[in-house]
Amino acid sequence: MTDKQSSNAYWQANIRIIWICIAIWALVSYGFAIILRPLLSAIKIGGTDLGFWFAQQGSILVFIALIFFYAARMNRLDRDHGVDE
Amino acid sequence: MSQFTLNLIFIGLSFALYIGIAIWARAGSTAEFYAANRGVSPVMNGMATAADWMSAASFISMAGLIAFTGYDNSTYLMGWTGGYVLLAMLLAPYLRKFGKFTVPEFIGDRFYSKTARIIGVICLLIISITYVIGQMTGVGVTFSRYLEVSNSTGLWIGAAMVFMYSVLGGMKGITYTQVAQYVVLIIAYTIPAVFIALQLTGHVLPQTGLFGSLNANDAKFLATLDQVVTDLGFNSYTGHHGTTLNMVMFTLALMIGTAGLPHVIIRFFTVPKVSDARKSAGWALVFIALLYTVAPAVGSMSRFNLNTTMWPGAATGQTFSEPAVSLDAIENDPDKQWMRNWQVTGLLNWEDKNGDGLIQYYNEAGATDGELADVVAQQGLQGNELTTVNNDIMVLANPEIANLPGWVIAIVAAGGLAAALSTAAGLLLAISGAVSHDLVKGALNPNISEKGELLAARISMAASILVATILGLNPPGFAAQTVALAFGLAASSIFPVLMMGIFSKRINKQGAIAGMLAGILSTLLYIFLYKGWFFISGTNSLNDVPAEWVLGISPASFGVVGALINFGVAFVVSNATEEPPLEVQELVESIRVPRGAGDAVSH
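Listed in order, the protein sequences are those of chains A and B.
Take 204 as the starting number for the first sequence in my numbering and just add one per residue.
Take 738 as the starting number for the second sequence in my numbering and just add one per residue.
Just so you know, these hints were derived from the structure itself, not from any lab.
Among these hints, one or two may not hold up.
Okay, derived cross-link-like pairs now, SDA-like style, lysine to any residue, Cα gap no bigger than 25 Å in a straight line [as the list claims (entries may be wrong)]: (1) B:K1010 - A:I248; (2) B:K957 - A:N278; (3) A:K247 - B:Q964; (4) A:K247 - B:T945; (5) B:K837 - A:N278; (6) A:K247 - B:K1073; (7) B:K1242 - A:D287; (8) B:K1188 - B:G776; (9) A:K247 - B:K837; (10) B:K1246 - A:N211; (11) B:K1010 - A:G249; (12) A:K247 - B:A960; (13) B:K1242 - A:W222; (14) B:K1242 - A:W214; (15) A:K247 - B:T1314; (16) B:K1073 - B:G1094; (17) A:K247 - B:K957; (18) B:K957 - A:A212; (19) B:K1010 - A:A216; (20) B:K1242 - A:A212; (21) B:K837 - A:W214; (22) B:K1010 - A:R219; (23) B:K1246 - B:D846; (24) B:K1188 - B:A1199; (25) B:K957 - A:D287; (26) B:K1010 - A:A229; (27) B:K837 - B:Y849; (28) A:K247 - B:K1090; (29) A:K247 - B:H940; (30) A:K247 - B:N954; (31) B:K957 - A:G249; (32) A:K247 - B:K1010; (33) B:K1242 - B:T1314; (34) A:K247 - B:A953; (35) B:K1090 - B:P1071; (36) B:K1242 - B:V1309.
Between the sequences and the hints, there should be enough to build the whole structure, so can you do that?
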């Protein structure tokens, strides 16, 4: 495999991971916390509903997890493609 | 010991710490001045980024914004944190690999155009100057409240402080003072929050206390708060009252605006490696979340405390079971001392309109039916008698409302100053870097020596501080529009152009310039139509009310539309003109892979 092909494959893999993370990022904030909140309103938590929890706490916790997940996956990807530092 | 002495000691100690760091972390080269020689560990950079990011607004105003609006203002919580996910995946690692010093420099190199770089500089200056004025006024207000000096004296003291460590140390000095300032501000925010959560719910963690039960009657805290505020004629706390579309758009505008703020982006130039830039964004969000997950608890609990102060029966959710607080109690009781303290500042005020000796707090607009209408009729109320309640009081008066010891109040004072000063310093560095590196070296005098540029950087830093202080003393009309103007421009210009520069090899000079201009101009137009031309009041063409917004999109949310316009125009124009030169396409290839980032250190 030439360098060019390898770096293309690396970049495609990166884009794929980004799409997965963006989907989760949007699902918890725009989905659970706002648009889907009425659908989840039957799930009660601490005097209110699940959507409220996602809006004020849950989505922030998921954001943190997403960044560390992305960082870890990319470290592995960097090594697999021989482009790590 | 008097409260004033305590405040003086705590603020004095924190300042001595910052000065000590300033002397230790002097910058000897441009690499140190602009990027702390790229030697900052990811965790340290995360902490510095958190302090850089969390401004006077985050520290003082955010809890109040959430307190008085409830669920609808969760937009700030998600919007001001979700941007870090975008930064970590879409911008920070590649810009770190690029390995230069400023955001406009990337725009200029990637789009092989001085014009593009200059447009980048103009956007950066508008964003950062709007933002820094708010920090400077925050410094003035905090000083005048806690140290009994005038607003302007406070501002000059704050400016002298920033001058010390930013002119001497540049990014290096700012980074390590920001780390110290983060520690001060997070302690200051957390201590009163833990106390108030314990008093109300018995939870040590405010985050779980928010969803816990009241000590008073074991009912759920949020359910009781909803009950009390609706009793008093306000919108329910946990309910959704705005439009879903605008809530989505505003959150998205804050997220991509956050990711496009130059003073945040340049923090990621200071870490040694590309992988550190990704990890560092995660740490930054951890440290930010320590405040942002506490803020909704602080907001809701202090609003609850305010209600129970005004209506003692509200403590168990039986709002009207006891009479409202009496004027006599407010004016004489020791535990109402905080109300008298804050009346002096003009942030809180009351008036016994119907002369019954009680101060009834309620929402006049919500008093048309139900139990509240009966109360209004029976007690002969002439209107809400708690005439002024400023949002900011929720954080500032919190320790006093909860009867916490004087040293806690002093820590809150030092924390508010740390939040304002750390953000001001980060912004000033972004401003002075754009002036000395992009304008002086990039456009006016490309052959300037390393030593000459370092001197130019220090001079432009000193000049920026002076300008910011003068603007802070006489805030212009646009200063109050930070959210609309700074976030709108960052979202509609800087974020899209950086993203396209990294993720597309096809976007060329013409596309980037046309896209940026279209994004900025459409966003400014929409803001000016509703807020007045150049924010001169009375010159607005349309009323700034939800009913008149196009599709219900507020001016502060329009950055999202501006960003879409930017992407669209850049795409169309680029495809109609020639491809970028080969070396630019190779530059894009190289910033996409991490290997070799260490080589970029020496520039």
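Right, here's what the structure says about each hint:
1. B:K1010 - A:I248: Violated - the C-alpha atoms of I248 of chain A and K1010 of chain B are around 42 Å apart, more than 25 Å.
2. B:K957 - A:N278: 44 Å, violated
3. A:K247 - B:Q964: 17 Å, holds
4. A:K247 - B:T945: Status holds; Cα separation ~15 Å.
5. B:K837 - A:N278: Holds: K837 of chain B and N278 of chain A sit about 23 Å apart, inside 25 Å.
6. A:K247 - B:K1073: 36 Å, violated
7. B:K1242 - A:D287: 22 Å, holds
8. B:K1188 - B:G776: Measuring from Cα to Cα gives roughly 21 Å; hence the hint holds.
9. A:K247 - B:K837: Between K247 of chain A and K837 of chain B the Cα gap is close to 50 Å, so the pair fails against 25 Å, i.e. violated.
10. B:K1246 - A:N211: With a Cα-Cα distance of about 24 Å, the restraint between K1246 of chain B and N211 of chain A holds, given a limit of 25 Å.
11. B:K1010 - A:G249: Between K1010 of chain B and G249 of chain A the Cα gap is close to 43 Å, so the pair fails against 25 Å, i.e. violated.
12. A:K247 - B:A960: 11 Å, holds
13. B:K1242 - A:W222: Judged against 25 Å, a Cα distance of about 19 Å means the pair holds.
14. B:K1242 - A:W214: This hinted pair holds, its Cα atoms lying about 13 Å apart.
15. A:K247 - B:T1314: 56 Å, violated
16. B:K1073 - B:G1094: The hint holds at about 16 Å.
17. A:K247 - B:K957: Holds, because 11 Å separates the two Cα atoms, which is no more than 25 Å.
18. B:K957 - A:A212: Distance of about 53 Å is beyond 25 Å: violated.
19. B:K1010 - A:A216: The hint holds at about 20 Å.
20. B:K1242 - A:A212: Satisfied, since the Cα-Cα distance of roughly 16 Å is no more than 25 Å.
21. B:K837 - A:W214: Since the Cα atoms of K837 of chain B and W214 of chain A sit roughly 22 Å apart, the hinted pair holds (cutoff 25 Å).
22. B:K1010 - A:R219: 22 Å, holds
23. B:K1246 - B:D846: Since the Cα atoms of K1246 of chain B and D846 of chain B sit roughly 10 Å apart, the hinted pair holds (cutoff 25 Å).
24. B:K1188 - B:A1199: With Cα atoms ~17 Å apart, K1188 of chain B and A1199 of chain B stay inside 25 Å; holds.
25. B:K957 - A:D287: Distance of about 51 Å is beyond 25 Å: violated.
26. B:K1010 - A:A229: Answer violated: K1010 of chain B to A229 of chain A is near 28 Å, above 25 Å.
27. B:K837 - B:Y849: 15 Å, holds
28. A:K247 - B:K1090: The hint is violated at about 42 Å.
29. A:K247 - B:H940: Holds, at roughly 20 Å.
30. A:K247 - B:N954: 20 Å, holds
31. B:K957 - A:G249: Roughly 6 Å separates the two Cα atoms, so the pair holds.
32. A:K247 - B:K1010: 44 Å, violated
33. B:K1242 - B:T1314: 13 Å, holds
34. A:K247 - B:A953: 22 Å, holds
35. B:K1090 - B:P1071: 24 Å, holds
36. B:K1242 - B:V1309: OK: K1242 of chain B and V1309 of chain B at ~14 Å, within 25 Å.
Taken one by one, the earlier hints fail for this structure at numbers 1, 2, 6, 9, 11, 15, 18, 25, 26, 28, 32, listed in ascending order.
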